[in-house]
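**Q** One-letter residues, chain by chain:
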Amino acid sequence: MELVSPGLGLIFWMTLAFGMVLLILRKYAWRPILNTIRERELSISQSLRDAQHIQRELAALEEQKEHKMREAEKLRLELLTQARGEADEIIRNARQRASVEVSQIMEDGKRAVEAQRNAVVHEIRDQIAKLSVDMAEKVLEGELKDRDISQKLVNQMLDKVALN
Amino acid sequence: MGFRFLEIFKNKGLSMTRPLLFLVLLLSGVPALAAGGADGEKEGFNAGKVIVEHVLDSYDWHIADIGNASISIPLPVILVYEGRPYFFPSSRFHHGHSAHKGFAIAHEGPRKGRIVKVLDDGHTPDPNASFLADLSMTKNVAAVLLSSFLLCLIFVSVGRKYKREGSKAVPRGLQSFLEPIVLFIRDEVALTAIGEKHYQRFLPYLLTLFFFVFFNNLLGLVPFFPGGANVTGNISVTMVLALFTFFTTQLFSTKGYWKHIFNTPGVPVWLKLPLPLMPIIELIGVFVKPFVLMVRLFANITAGHMIILGFVSLIFVLGGVATAVGYVISPLSLLFMIFMNFIELLVAFIQAYVFTFFSALFFGMAVPEEHH
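From first to last, the protein sequence lines are chains A and B.
Okay, so the first sequence: first residue is 150 according to the working numbering, each after it adds one.
Okay, so the second sequence: first residue is 6 according to the working numbering, each after it adds one.
Careful: at least some of the hints might be erroneous.
Below, computed lysine-lysine pairings styled on DSBU-like, alpha-carbon distance capped at 35 Å [claimed, not checked]:
(1) K279/A <-> K259/A
(2) K264/B <-> K202/B
(3) K176/A <-> K106/B
(4) K277/B <-> K176/A
(5) K117/B <-> K106/B
(6) K277/B <-> K260/B
(7) K259/A <-> K309/A
(8) K176/A <-> K294/B
(9) K202/B <-> K173/B
(10) K287/A <-> K301/A
(11) K202/B <-> K176/A
(12) K202/B <-> K106/B
(13) K287/A <-> K309/A
(14) K106/B <-> K54/B
(15) K277/B <-> K294/B
(16) K264/B <-> K176/A
(17) K277/B <-> K264/B
(18) K176/A <-> K260/B
(19) K117/B <-> K54/B
(20) K279/A <-> K309/A
(21) K166/B <-> K176/A
Note that these hints are calculated values from the structure, not bench results.
Just so it is clear, the structure is predicted and the values come from calculations on it, not from any experiment.
Turn these sequences into a full structure, and let the hints steer you where they fit.
**A** Put into structure tokens, the structure is as follows:
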């Protein structure tokens, strides 16, 4: 019987002790523990959401980056082609200008040579004329003296002129 | 030296006899001496008496007997009789052998083992005694206070740690051991049985209940001093716990709960009128539920203690028949005891869980969610 009949004292003390434990633990243990656990769970789920959000943003950024890269590549190619074209143009122009200049220089040269030749021919002509006059003078003098000698003199004169 | 250990056993020995003590017994060759009996004058080994005495409460906390000296902690006896308080240490009773101020521990009768008012001869219970309020701090009271103190110490310090480190810190040490259990009670017990809407209100009670029962179950398994008291195997203790659950249920009960009792939905009308069969059954159920809680925990823990004590006693009983038999049976008994202790560890958890879970279920019934 003793085993199954409750005792007043134990009931009293047990109620007191358990009630106290309940009150103390509720205030100083369960509240901070449960609150902290809940906070942690919330922060974990929040972090997960954030991580997903960031991942999505990152993917978008990546996409954007790729897009920009492609555009830049295109621009680069365009620029390159354009530059190449421009360079060709410049070279072509330069060549053209160069050839024009060269031909002009040649022309000038030719003209100068021509002028000089003309001058020389003129001089020669003047010389010949002078010589001819001289020769005629001499021949006319010689004819007066010796026919052969005059002949010889004329020949001599012509030899000199032939050099020109 | 075997005599001494036998003494431990014959008197109200170590509070709960458990393998550790048993190992000492085995090593000191007790079975042989048990056969002889101490002094040869004392009566033979009475297993039933020893076992029952071990699972019962007592007025002093017996630790051990060394030789003829008995080591026990006297506990305060607090009595209120005819409006007068009495306060004295339990050692005044000299282990129940003498009376003090007209009170003594009864050796027989309906109040056997409890303090009663006695006549002048010092042992006959006073037939004309009026009501005696016995508020003594018995062994179980001391054990309850001790475990309550330990519980508060552990959980308040863990609570402070949570508060100090905040939600960003990873649980460490004791925290990481207790947190899964707390989460288990929250998610698998409270949330499952009560539901999303109301579970948080009951959580502090359920957690306290679980750890209180679990702690005391475990302390009851410790064979020597601060453990060993059969706290959760005491009907008063389980009754208080069940009453807490009962009153909490009634306190938080909603209209839906009472409607379910007096006008159970989905039940044919002839079960309610003219004879209110269902309401009567449901109303009885209100009281039966906590009663079953009380009995389940008490019976499970007491039975576990008794089985282990039974295996210990087996050695002495058979040793009393023949010394050799005692030797043969002790290793076997030891194996069974070790096995039983593992079972008891499991039971300590399961019973704490069951008590908490059923409490949560009752709370869940008290605050039914509208949608079903």
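**Q** Each of the hints needs a verdict: does it hold here or not?
**A** Evaluation of the provided hints:
| no. | hint | result |
| --- | --- | --- |
| 1 | K279/A <-> K259/A | holds (29 Å) |
| 2 | K264/B <-> K202/B | holds (20 Å) |
| 3 | K176/A <-> K106/B | violated (43 Å) |
| 4 | K277/B <-> K176/A | violated (45 Å) |
| 5 | K117/B <-> K106/B | holds (19 Å) |
| 6 | K277/B <-> K260/B | holds (18 Å) |
| 7 | K259/A <-> K309/A | holds (29 Å) |
| 8 | K176/A <-> K294/B | holds (29 Å) |
| 9 | K202/B <-> K173/B | holds (27 Å) |
| 10 | K287/A <-> K301/A | holds (11 Å) |
| 11 | K202/B <-> K176/A | holds (21 Å) |
| 12 | K202/B <-> K106/B | violated (57 Å) |
| 13 | K287/A <-> K309/A | holds (15 Å) |
| 14 | K106/B <-> K54/B | holds (29 Å) |
| 15 | K277/B <-> K294/B | holds (21 Å) |
| 16 | K264/B <-> K176/A | holds (34 Å) |
| 17 | K277/B <-> K264/B | holds (12 Å) |
| 18 | K176/A <-> K260/B | holds (29 Å) |
| 19 | K117/B <-> K54/B | holds (13 Å) |
| 20 | K279/A <-> K309/A | holds (13 Å) |
| 21 | K166/B <-> K176/A | holds (14 Å) |
In this structure, the earlier hints numbered 3, 4 and 12 are contradicted, and the remaining ones agree with it.
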